[in-house]
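Please build the complex by placing chain S on the supplied structure of chain R, with the hints as guidance.
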Amino acid sequence: MTDHHLRLPVSEEDVRNLRAGDMVYLTGILHTARDEAHMRALEWKNEGKELPVRFDQGALYHCGPIMKKEGEGWKIVAAGPTTSSRMNTLEAEFIEKTGARLIIGKGGMNKAVGEAMRRYGAAYLAFTGGAAVLAAQRVRKVNGVHWLDLGMPEAVWVLDAEEFGPLTVGMDAGGNSLFEDVARKIEKNAVAARKRLGIG
Amino acid sequence: MKSISDALIEDTVVELLRLAVTKLPEDVEQALKRIFNEESEVASKMQMQAILENLRLAQQSGTPLCQDTGILVFFVKMGPKCGNIEDIIRKAVERGTKEIPLRPNAVHPLTRKNPGNNLGVHMPYIYYEPGSEDYLEITVMPKGAGSENMSQMAMLTPSSGEKGVKEFALATLLRAGSNPCPPVLIGMGIGGSADICMGLAKKALLRPLGSHNPDPAVASLEKELYDALNVIGIGPMGLGGKNTLLGFHIEHAFCHTASHPVAINIQCWAARRATARIHPDGKVEYLTHRKGGK
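Chains as they are written, first to last, in our numbering: chain R, 175 to 374; chain S, 5 to 298.
Simulated from the structure, these hints should not be mistaken for lab results.
Worth double-checking, as some hints may not be accurate.
Just some of the chain R residues that point at chain S, by a computed CB distance under 10 angstroms [what the hints assert, rightly or not]:
id: 1; residue: E210
id: 2; residue: P239
id: 3; residue: V251
id: 4; residue: G281
id: 5; residue: A309
id: 6; residue: A310
id: 7; residue: M326
id: 8; residue: P340
id: 9; residue: F353
id: 10; residue: A357
id: 11; residue: N363
id: 12; residue: A366
id: 13; residue: A367
Per label pair, the in silico range of CB-to-CB distance [unchecked claim]:
id: 14; chain 1: S; residue 1: H126; chain 2: R; residue 2: E354; range: 36 to 44 angstroms
id: 15; chain 1: S; residue 1: L56; chain 2: R; residue 2: R228; range: 34 to 42 angstroms
id: 16; chain 1: S; residue 1: L56; chain 2: R; residue 2: K315; range: 36 to 44 angstroms
id: 17; chain 1: R; residue 1: Y199; chain 2: S; residue 2: Y131; range: 38 to 46 angstroms
EDC-like cross-link-like pairs, simulated, lysine to aspartate or glutamate; straight-line CA separation at most 20 angstroms [to be verified]:
id: 18; chain 1: R; residue 1: K369; chain 2: S; residue 2: D231
id: 19; chain 1: S; residue 1: K167; chain 2: S; residue 2: E228
id: 20; chain 1: R; residue 1: K369; chain 2: S; residue 2: E228
id: 21; chain 1: S; residue 1: K102; chain 2: R; residue 2: D323
id: 22; chain 1: R; residue 1: K362; chain 2: S; residue 2: E166
id: 23; chain 1: S; residue 1: K81; chain 2: S; residue 2: D15
id: 24; chain 1: S; residue 1: K246; chain 2: R; residue 2: E354
id: 25; chain 1: S; residue 1: K102; chain 2: R; residue 2: E244
id: 26; chain 1: R; residue 1: K271; chain 2: R; residue 2: E221
id: 27; chain 1: S; residue 1: K102; chain 2: R; residue 2: E246
From a predicted model like this one, the values you see are computed outputs, not experimental measurements.
All C-beta atoms, glycine included, are put in the ideal place defined by N, C-alpha and C.
Pulled out of the complex, with its shape left as it was, chain R reads as follows (with noise of 0.2 angstroms):
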């Protein structure tokens, strides 16, 4: 296991060095988009037209977070991570098309976005499910929001992050998924709760 201090944007040998396991801190611009910014972001996409933010020079983040307006400005106050396996229908195509090589989530992925990682060189880190006070504290700056009109919490947000983390690595771009070792317990441990219940 290795902590990663990393500056975004990241490269692909950056994210091929990352193993399933490590712990990973990043200093940079954060993107955020849930469902809605990625349907439209594959929608334009695929019309040729221009995104407003390069997801290829930041880090992805599956979060809708809490903005207070202040000023001209925004200030961050809560932005933990939301599911991502909302996005799994989405995100291979969005690793194709956009270039995100970090994705920053809760709960993991499936195997089609595993398989889409590792052919494009992207990885997948998990933060904290809830821990939404502690992110926003690693958030320097609100740089700005895209997509507003979807709403606060799937507008695309631009974050200016330090240290952002501990991030660890649930899916690597070499196939490794600790979601899927999990899994591979859990499926032992469901023979044995099916005899204690009664039900095996």
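Chain S only, in chain R's frame:
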């Protein structure tokens, strides 16, 4: 004549919202501390440490502990005469969304348009219970989507019996996996009709941790399911570990002899709820939080 003023109810509801999203009830915080102590692997220990550190920071700064401040579900026990509760709660929700602030989460189910104030058709949602007590009791449960999205219900056949209920519980938990932010509280409804059953599952989430269903047969099933499923190995945030559950609560209702409904509503580790009683003399008692009102 009204015996409790609209303004007192509105202020109390805003305070309940603030308490609910910034500080967990004592029973939940104690359970999370116990689980932190019990976990021994690096991954699960680290997740629990982040959870506890986050709770401390949220309380200290008075900010929402999770950015998903949920959809707002209210449970009201009617008592003495008061104004239009729904109107007052809607005003308080709009105010609380700005003042605390809460994340505006409520959207139209088809157009997905977000009005930005947590108000919409049937939102916030209010469950009413008639009461004969001399106070008005209001509970708010801010319900996040990560856990809510893992809810399931099944209309089993009576012949599948208790075995069917256990199969359903195991399958639902395995399917939810890491998604609902474990360690989770499972609320289960058994009996009633489809709508009653899911409502019971939600109400089961309001019970304090460590409480039991008063019916011995149901209480024994709660314990059996908790003991078997807590050690399933999903662990804190799904990264593996000794504890997967905060608790397993079941509420039941009699049902049609030909029906066997069962439902599960899941609550994340941030098992938020806040309750207050408002008395006609203006006294407000906070039941879920020790330092009420501040």
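Going through the hints against the structure:
About 7 angstroms separates the beta-carbon of E210(R) from the nearest beta-carbon of chain S, less than 10 angstroms, and the hint is met. With a cut of 10 angstroms, the hint placing P239(R) at the interface with chain S holds, because the nearest CB-to-CB distance is about 5 angstroms. Because the closest C-beta pair between V251(R) and chain S is about 5 angstroms apart, less than 10 angstroms, the hint holds. For G281(R), the suggested interface contact is upheld, since its CB lies about 4 angstroms from the closest CB of chain S, less than 10 angstroms.
Here the hint on A309(R) is kept, as its CB sits about 8 angstroms from the closest CB of chain S, short of 10 angstroms. Because the closest C-beta pair between A310(R) and chain S is about 8 angstroms apart, less than 10 angstroms, the hint holds. For the restraint placing M326(R) at the interface with chain S, the shortest Cβ-Cβ distance is roughly 6 angstroms, inside the 10 angstroms limit, so the hint holds. With 10 angstroms as the threshold, the beta carbon of P340(R) comes within range of chain S, its nearest partner Cβ sitting at about 7 angstroms, so the hint holds.
With a least beta-carbon distance of about 6 angstroms to chain S, the hint placing F353(R) at the interface is held under the 10 angstroms criterion. Against a cut-off of 10 angstroms between C-beta atoms, the interface hint on A357(R) holds, since the closest Cβ of chain S lies about 7 angstroms away. Checking N363(R) against chain S: minimum C-beta separation of about 4 angstroms stays under 10 angstroms; hint holds. With its C-beta approaching chain S no nearer than about 8 angstroms, A366(R) sits inside the 10 angstroms limit, and its interface hint holds.
Nearest Cβ of chain S to the Cβ of A367(R): about 5 angstroms, under the 10 angstroms cut. The hint holds. For H126(S) and E354(R), the Cβ-Cβ distance of about 40 angstroms falls inside the hinted range of 36 to 44 angstroms, so the restraint holds. In this structure the supplied range 34 to 42 angstroms holds for L56(S) paired with R228(R), their Cβ-Cβ distance being about 37 angstroms. Range check, L56(S) to K315(R): Cβ separation about 27 angstroms, and the 36 to 44 angstroms hint is violated.
Judged by the Cβ atoms, the range 38 to 46 angstroms given for Y199(R) and Y131(S) holds: they are separated by roughly 44 angstroms. The straight-line distance between the Cα atoms of K369(R) and D231(S) is roughly 12 angstroms, inside the 20 angstroms bound, and the hint therefore holds. Distance hint between K167(S) and E228(S) is fulfilled; the C-alpha atoms sit about 12 angstroms from each other, no more than 20 angstroms. Using a Cα cut-off of 20 angstroms, the hinted pair K369(R) and E228(S) holds, with the two alpha carbons roughly 12 angstroms apart.
Our distance criterion of 20 angstroms between C-alpha atoms is met by K102(S) and D323(R), whose separation comes to about 18 angstroms. With a C-alpha separation of about 23 angstroms, the suggested pairing of K362(R) with E166(S) is violated against the 20 angstroms cut-off. For the given pair, K81(S) sits about 17 angstroms from D15(S) by alpha-carbon distance, which is consistent with the 20 angstroms threshold. Of the pairs offered as hints, the one joining K246(S) and E354(R) holds, with about 17 angstroms between alpha carbons and a cut-off of 20 angstroms not exceeded.
In summary, the hint linking K102(S) to E244(R) is supported, as the alpha carbons are separated by about 13 angstroms, within the 20 angstroms threshold. For a cut-off of 20 angstroms, the pair hint linking K271(R) to E221(R) stands: about 12 angstroms separates their Cα positions. For the given pair, K102(S) sits about 17 angstroms from E246(R) by alpha-carbon distance, which is consistent with the 20 angstroms threshold.
Going through the hint list in order, the structure does not satisfy hints 16 and 22.
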